[in-house]
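These protein sequence lines map, in sequence, to chains A and Z. According to the numbering used here, the stretch in the first sequence is residues 1 to 412, in order. According to the numbering used here, the stretch in the second sequence is residues 413 to 824, in order.
Hint data in this document are derived by calculation from the structure and do not stem from the laboratory. A hint or two may mislead.
To be verified - Under the rule of at most 27 Å between Cα atoms (straight-line distance), these lysine-lysine pairs were calculated in the DSS-like manner:
| hint | chain 1 | residue 1 | chain 2 | residue 2 |
| --- | --- | --- | --- | --- |
| 1 | A | Lys55 | Z | Lys467 |
| 2 | A | Lys343 | Z | Lys721 |
| 3 | Z | Lys656 | Z | Lys641 |
| 4 | Z | Lys557 | Z | Lys467 |
| 5 | Z | Lys721 | Z | Lys736 |
| 6 | A | Lys244 | A | Lys272 |
| 7 | Z | Lys777 | A | Lys108 |
| 8 | A | Lys170 | A | Lys229 |
| 9 | Z | Lys520 | A | Lys365 |
| 10 | A | Lys409 | A | Lys244 |
| 11 | A | Lys196 | A | Lys244 |
| 12 | A | Lys114 | Z | Lys656 |
| 13 | Z | Lys511 | A | Lys196 |
| 14 | Z | Lys755 | A | Lys309 |
| 15 | Z | Lys608 | A | Lys99 |
| 16 | A | Lys272 | Z | Lys721 |
| 17 | Z | Lys570 | Z | Lys511 |
| 18 | A | Lys309 | Z | Lys721 |
| 19 | A | Lys55 | Z | Lys557 |
| 20 | A | Lys271 | Z | Lys721 |
| 21 | Z | Lys777 | Z | Lys721 |
| 22 | Z | Lys684 | A | Lys309 |
| 23 | A | Lys244 | Z | Lys526 |
| 24 | A | Lys309 | Z | Lys683 |
| 25 | A | Lys142 | Z | Lys467 |
| 26 | Z | Lys570 | A | Lys365 |
| 27 | Z | Lys656 | Z | Lys683 |
| 28 | Z | Lys755 | A | Lys343 |
| 29 | A | Lys196 | Z | Lys520 |
| 30 | Z | Lys467 | A | Lys145 |
| 31 | Z | Lys608 | A | Lys114 |
As the list claims (entries may be wrong) - Per label pair, the in silico range of CB-to-CB distance:
| hint | chain 1 | residue 1 | chain 2 | residue 2 | range |
| --- | --- | --- | --- | --- | --- |
| 32 | Z | Leu612 | A | Ala227 | 53 to 63 Å |
| 33 | Z | Leu612 | A | Ser123 | 30 to 40 Å |
| 34 | A | Asp199 | Z | Ala639 | 53 to 63 Å |
| 35 | Z | Thr504 | A | Asp48 | 39 to 49 Å |
| 36 | Z | Gln776 | A | Pro366 | 49 to 59 Å |
| 37 | Z | Thr680 | A | Gly316 | 28 to 38 Å |
| 38 | A | Thr21 | Z | Ser657 | 27 to 37 Å |
| 39 | Z | Leu798 | A | Gln265 | 25 to 35 Å |
The C-beta atom is built at its ideal place from N, Cα and C for all residues, glycine as well.
There are 2 protein chains.
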Amino acid sequence: MSSASIVSIGNELLIGHTTDTNAAYICRRLLEIGIPVVSIYVAGDDTDQIVRALKRAAEDADIVIATGGLGPTDDDLTRQAFAQFLGVPLRTDSELLEKIRQFFTERKLQMPEKNAVQACVPSGANPLDNPIGTAPGILAEKEQKLLFALPGVPVEMKQMLENSVLPRLKHKQNGCFVVAKKVRCFGEGESAIAEKLGDLMNRRRNPLINSTVDSGIITLHIIAAEADKQKAQLMAQTDSDRLKSILGDFVFGVDDQTLPEVVGQELTRQKKTIAVAESCTGGLLAKFITDIPGASEYFTHGWITYSNKAKTEQLGVSSELLQKHGAVSEQAATALAVAAMQKARTDFAIAIIGIAGPSGATEQKPLGLVYISVSSYNSCQTRRFLFPYSRELVRLRAVLTALNMLRLKLRN
Amino acid sequence: MSSASIVSIGNELLIGHTTDTNAAYICRRLLEIGIPVVSIYVAGDDTDQIVRALKRAAEDADIVIATGGLGPTDDDLTRQAFAQFLGVPLRTDSELLEKIRQFFTERKLQMPEKNAVQACVPSGANPLDNPIGTAPGILAEKEQKLLFALPGVPVEMKQMLENSVLPRLKHKQNGCFVVAKKVRCFGEGESAIAEKLGDLMNRRRNPLINSTVDSGIITLHIIAAEADKQKAQLMAQTDSDRLKSILGDFVFGVDDQTLPEVVGQELTRQKKTIAVAESCTGGLLAKFITDIPGASEYFTHGWITYSNKAKTEQLGVSSELLQKHGAVSEQAATALAVAAMQKARTDFAIAIIGIAGPSGATEQKPLGLVYISVSSYNSCQTRRFLFPYSRELVRLRAVLTALNMLRLKLRN
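Excised from the complex, chain A in its bound form:
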């Protein structure tokens, strides 16, 4: 059975400037065609380090995919490391050089001389076309192992992976098929969910079920492995249905569905519209809603009433109310939600008010105190939450909780 190992290259990964999102993306795409990734190595911009990582990766798996280090600057050493690992010299590919020159000409720019190095490939290896950037990739073979080098810029890496890598790997999916499905939950803790699932999470079970947590979202990963692809798919699907029936309303979606996506689909299906009024989340809720293509079907108006004056001027919340109960109060949240719904003439509105920190807390109103109000034509539900986290996480958790409240409301 084929498997893959990833080598992510760049000092920026080892000094912690950049998070390695490329590796996660490649893992996902390979798994979708039945090739599991068994290890990931991160190496710095140093030929020896890269060669060592390539060696270890080739020990682990028969497909090695490296990303990064193909740029035009002197710290880009993947070409050299590939040549050294393969035991061959680098050669300049004149056709490639012409293409790179053309890339600049088309943009009415002169090619910086630095970019010429990008036309070098290890002798005997093949360049991989980069339709949107100047860094071509590399395809090489060594002792039956397939080695790819892709650019580190995510958008270029993704396009090359789709066009030049995945089509070459499809014939490799012999033996065992791996089918992965996810079931995504909100509103319950990880170990409480694990207890509900009991033996389903046994380590020797096939499908294997893992759980991960991220900002209150629990993802259950179902991984089925079988020689027969359809059987693997059926097993994963059966488990997915089973988890949904055990966990009920805690489940908001499957696979890569997000809360804004699920809520957006439901609003579209029910032909309903929504407006938002945000204080402490400062646009994050609207951002999540408009992340979804086609959000204009159901989202029309948003207000970011960050100051008290804005709450009064933009949505008519009386200054008496703000004075009496405070800007962070159940009353203010309710007033904002109702006003936003009326002013935008939508079916629903969500208001979020709170103390995201790090300053602004009092004894009565601690950091992380958030009021969320979801209003509709016949009801308005306002709830109080305490999210004892950092500013960033208070804001994120408040937005996810608000979307989940709307999801449950849309369900009834």
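Position chain Z against the provided structure of chain A, taking the given hints into account.
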């Protein structure tokens, strides 16, 4: 000289569900106390895989930091792998068990039986306190190598790193001191910047200067290594100043400064205020502005005028104008910016209008077309951009470009 290697544990990392943000964080914090990370390994939830990664990490460096796999569920195997790597059995620590029980009691919950396993530590190793979660860490020693296991939940990992790991490593910074500085630029391409810097980016130079790109932001990493700490700091500082003088207005900040932070500081310093009106970016600009603690000093009002009706109702943009020039037009962007500034009575306003895709494009108005308008009491600058990227990147690039326009305006 001490160095570290990181082992990130979890199937979710190999199936691509989770991006490894923990490794990047640990790299940054270690570098700040002079300990470079030389390699990162990702292993799945499998005892053998974890043990193999621990072995390789211990070959590379004298400090090994593992994260993940300390949760209460059956797929959490880091405790077992540590015991196997150390060649010792696991024991239950009764004091730890009591603490975990207490964690639940304080929250008025019953401890799920699953959580009892978190009180196990390899014999001879020490538990590390987890003040905010139930997963204690592990500290072990083997053949002069220091080994740490931390939880995978980022907020718990960070706290344990600060409280229990970094204080133990401070005495390890003997030998060479590594000082890293960053200079951050916007508005020019990576290779054009590299050409401006010339020999400063030579690979054998100390400090070493690397560059990375992310959504149009070019970061130049200066890495100085010297036996004397002050000398290393001085070298890094000198280079930082030099880059700033060569690159001029392209430089918006240093180290971890972000565009919203720099713009916020300048607004605060000049005692100016700002409002925003967003269409295609749907709240992302306001979100970036309010990411910064204390943004309420300068940010008061925001409008998300996602529909044409909202543009007219919320900010009085005439339907004739929208009809004649279209909602995505220079005229509409200018009208929104001016109206937002007047309605909020701020010193500046930014409006963003565009076609983020994937649908909505026409022959005259292609995907990625964005108009950004920055208005002040005596001028209004509206610019047209074409960002040929995905919906997510069009939105991100539009927001960064808008903040950069405001930055340059604040400079004059």
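Taking the hints in turn, this is what the structure says about them:
1. A:Lys55 / Z:Lys467: The given pair, whose Cα atoms are some 16 Å apart, holds under the 27 Å limit.
2. A:Lys343 / Z:Lys721: Since the Cα atoms of Lys343 (chain A) and Lys721 (chain Z) sit roughly 12 Å apart, the hinted pair holds (cutoff 27 Å).
3. Z:Lys656 / Z:Lys641: Answer holds: Lys656 (chain Z) to Lys641 (chain Z) is near 23 Å, not above 27 Å.
4. Z:Lys557 / Z:Lys467: Holds, because 11 Å separates the two Cα atoms, which is no more than 27 Å.
5. Z:Lys721 / Z:Lys736: Holds, at roughly 15 Å.
6. A:Lys244 / A:Lys272: The hint holds at about 26 Å.
7. Z:Lys777 / A:Lys108: Holds, at roughly 22 Å.
8. A:Lys170 / A:Lys229: Within the cut-off at roughly 14 Å; holds.
9. Z:Lys520 / A:Lys365: 22 Å, holds
10. A:Lys409 / A:Lys244: Given that 27 Å is the threshold and the Cα spacing comes to 19 Å, the pair holds.
11. A:Lys196 / A:Lys244: 12 Å, holds
12. A:Lys114 / Z:Lys656: 22 Å, holds
13. Z:Lys511 / A:Lys196: 24 Å, holds
14. Z:Lys755 / A:Lys309: 12 Å, holds
15. Z:Lys608 / A:Lys99: Holds. Lys608 (chain Z) to Lys99 (chain A) sits at ~24 Å (cutoff 27 Å).
16. A:Lys272 / Z:Lys721: 17 Å, holds
17. Z:Lys570 / Z:Lys511: 20 Å, holds
18. A:Lys309 / Z:Lys721: 24 Å, holds
19. A:Lys55 / Z:Lys557: Satisfied, since the Cα-Cα distance of roughly 24 Å is no more than 27 Å.
20. A:Lys271 / Z:Lys721: Roughly 18 Å separates the two Cα atoms, so the pair holds.
21. Z:Lys777 / Z:Lys721: Answer holds: Lys777 (chain Z) to Lys721 (chain Z) is near 20 Å, not above 27 Å.
22. Z:Lys684 / A:Lys309: Judged against 27 Å, a Cα distance of about 17 Å means the pair holds.
23. A:Lys244 / Z:Lys526: Given pair Lys244 (chain A), Lys526 (chain Z) holds - Cα atoms ~22 Å apart, limit 27 Å.
24. A:Lys309 / Z:Lys683: Distance of about 18 Å is within 27 Å: holds.
25. A:Lys142 / Z:Lys467: 26 Å, holds
26. Z:Lys570 / A:Lys365: The hint holds at about 26 Å.
27. Z:Lys656 / Z:Lys683: 26 Å, holds
28. Z:Lys755 / A:Lys343: Answer holds: Lys755 (chain Z) to Lys343 (chain A) is near 17 Å, not above 27 Å.
29. A:Lys196 / Z:Lys520: 19 Å, holds
30. Z:Lys467 / A:Lys145: Cα-Cα ~24 Å, so holds.
31. Z:Lys608 / A:Lys114: 11 Å, holds
32. Z:Leu612 / A:Ala227: 53 to 63 Å: Holds - the Cβ-Cβ distance for Leu612 (chain Z) and Ala227 (chain A), about 57 Å, lies within 53 to 63 Å.
33. Z:Leu612 / A:Ser123: 30 to 40 Å: The hinted range 30 to 40 Å holds for Leu612 (chain Z) and Ser123 (chain A), with Cβ atoms some 32 Å apart.
34. A:Asp199 / Z:Ala639: 53 to 63 Å: The hinted range 53 to 63 Å holds for Asp199 (chain A) and Ala639 (chain Z), with Cβ atoms some 58 Å apart.
35. Z:Thr504 / A:Asp48: 39 to 49 Å: 44 Å, holds
36. Z:Gln776 / A:Pro366: 49 to 59 Å: 53 Å, holds
37. Z:Thr680 / A:Gly316: 28 to 38 Å: The hint (28 to 38 Å, Cβ to Cβ) holds, given that Thr680 (chain Z) and Gly316 (chain A) are roughly 29 Å apart.
38. A:Thr21 / Z:Ser657: 27 to 37 Å: At 33 Å between Cβs, range holds.
39. Z:Leu798 / A:Gln265: 25 to 35 Å: Since the Cβ atoms of Leu798 (chain Z) and Gln265 (chain A) sit about 31 Å apart, the hinted range of 25 to 35 Å holds.
Consistency note: the structure conflicts with none of the earlier hints.
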